[in-house]
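First to last, the protein sequences are chains A and B. Take 1 as the starting number for the first sequence in this note's numbering and just add one per residue. Take 1 as the starting number for the second sequence in this note's numbering and just add one per residue.
Any given hint could be a false lead.
As the list claims (entries may be wrong) - Sample of chain B residues facing chain A (criterion: CB under 7 Å; computed from the structure): (1) T11; (2) P19; (3) G22; (4) I26.
Everything labelled a hint here was simulated from the structure, so no lab data went into it. Note that beta-carbon positions come from the ideal geometry of N, C-alpha and C, so glycine has one too.
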Amino acid sequence: MLHIDIWADFACPACYLAKPRIDQAIAASGHADAITVTYRSLELFPDAGPEPFDSFEHVLHKFGGDQAQAARLEEHMAALARAQGQPYAIHHPVASSFDAHRMLHLAAEHGAASEFMDAVQRDLLGEGVNVYTAAYLAKAATRAGVPAARAKALLAGDEYANAVRADTKLAREAGVTAVPFTILGGRLAIPGAATANAYADAITQALTTGDPQ
Amino acid sequence: MNPPKLTILTTDTDAACDPETGACAIPQTPIPSPGAPPVTGAVPPGMEETPSV
Chain A
1 MLHIDIWADF ACPACYLAKP RIDQAIAASG HADAITVTYR SLELFPDAGP
51 EPFDSFEHVL HKFGGDQAQA ARLEEHMAAL ARAQGQPYAI HHPVASSFDA
101 HRMLHLAAEH GAASEFMDAV QRDLLGEGVN VYTAAYLAKA ATRAGVPAAR
151 AKALLAGDEY ANAVRADTKL AREAGVTAVP FTILGGRLAI PGAATANAYA
201 DAITQALTTG DPQ
Chain B
1 MNPPKLTILT TDTDAACDPE TGACAIPQTP IPSPGAPPVT GAVPPGMEET
51 PSV
């Protein structure tokens with residue numbers, strides 16, 4: 001058995017790139033049945049509020065207002081996504097993803113975390129959809145396989161809030177400095193979005209050397 | 001899960017985002033054409049060559 005922990009955020013373009021590569025590496029490993037994955041929460045914009053702002057404005061701000069440089073980075077990110085068949089919206093909304101992460105934990109409870117992550121990232125980063133509303137999250141969770149009543153109940157309360165915070169705390173303790181951050185077998189780590197081949201090699205290495213968990 | 005003692009694998013990576021700042025980075029590599037294999041290059045921990053956002 002091999003367990004893989006992946007720290008990621010919905011609004012993280014690098015996580016969006018990495019997700020299908022990890023899925024592909026697991027599927028191609030020949031040991032998919034022996035591999036389990038936990039998606040762990042790490043908000044890329046923990047101080048963001050409920051009202052969305054334009055991701056490109058954030059990029060532009062980081063580049064000191066240099067429109068050409070900001071556009072170059074985002075065009076490159078878009079090209080990487082398109083090269084592996086993913087759409088990419090250079091302008092996508094950014095807001096607090098805390099409730100989305102709570103929903104991710106609920107989705108995991110129903111074996112639907114991967115599907116939920118895929119759907120939300122595709123809608124947000126691929127299409128620029130505002131995925132932060134309660135209506136969107138309930139709909140996406142239900143489509144992924146979460147019972148509608150459970151999704152609605154989660155959004156009405158604070159279920160899994162502590163689980164989201166615990167994942168963030170664990171990330172700090174583990175020294176996570178870049179997302180996605182993938183830990184295989186509790187000991188082999190890959191920071192950032194690696195190639196599918198690199199994930200495949202890491203899976204082979206982790207399976208070969210045993211899982212201490 | 002306890003805080004793990006990690007071995008960081010040196011792998012080809014082509015993008016990463018910083019959870020402290022929300023900034024994302026890519027290596028200085030050509031933009032791939034659709035259908036081309038993913039561009040590879042060193043990113044974390046060697047993100048020095050990348051444009052930081």
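Which of the listed hints are not met by the structure?
-> Failing hints: none at all.
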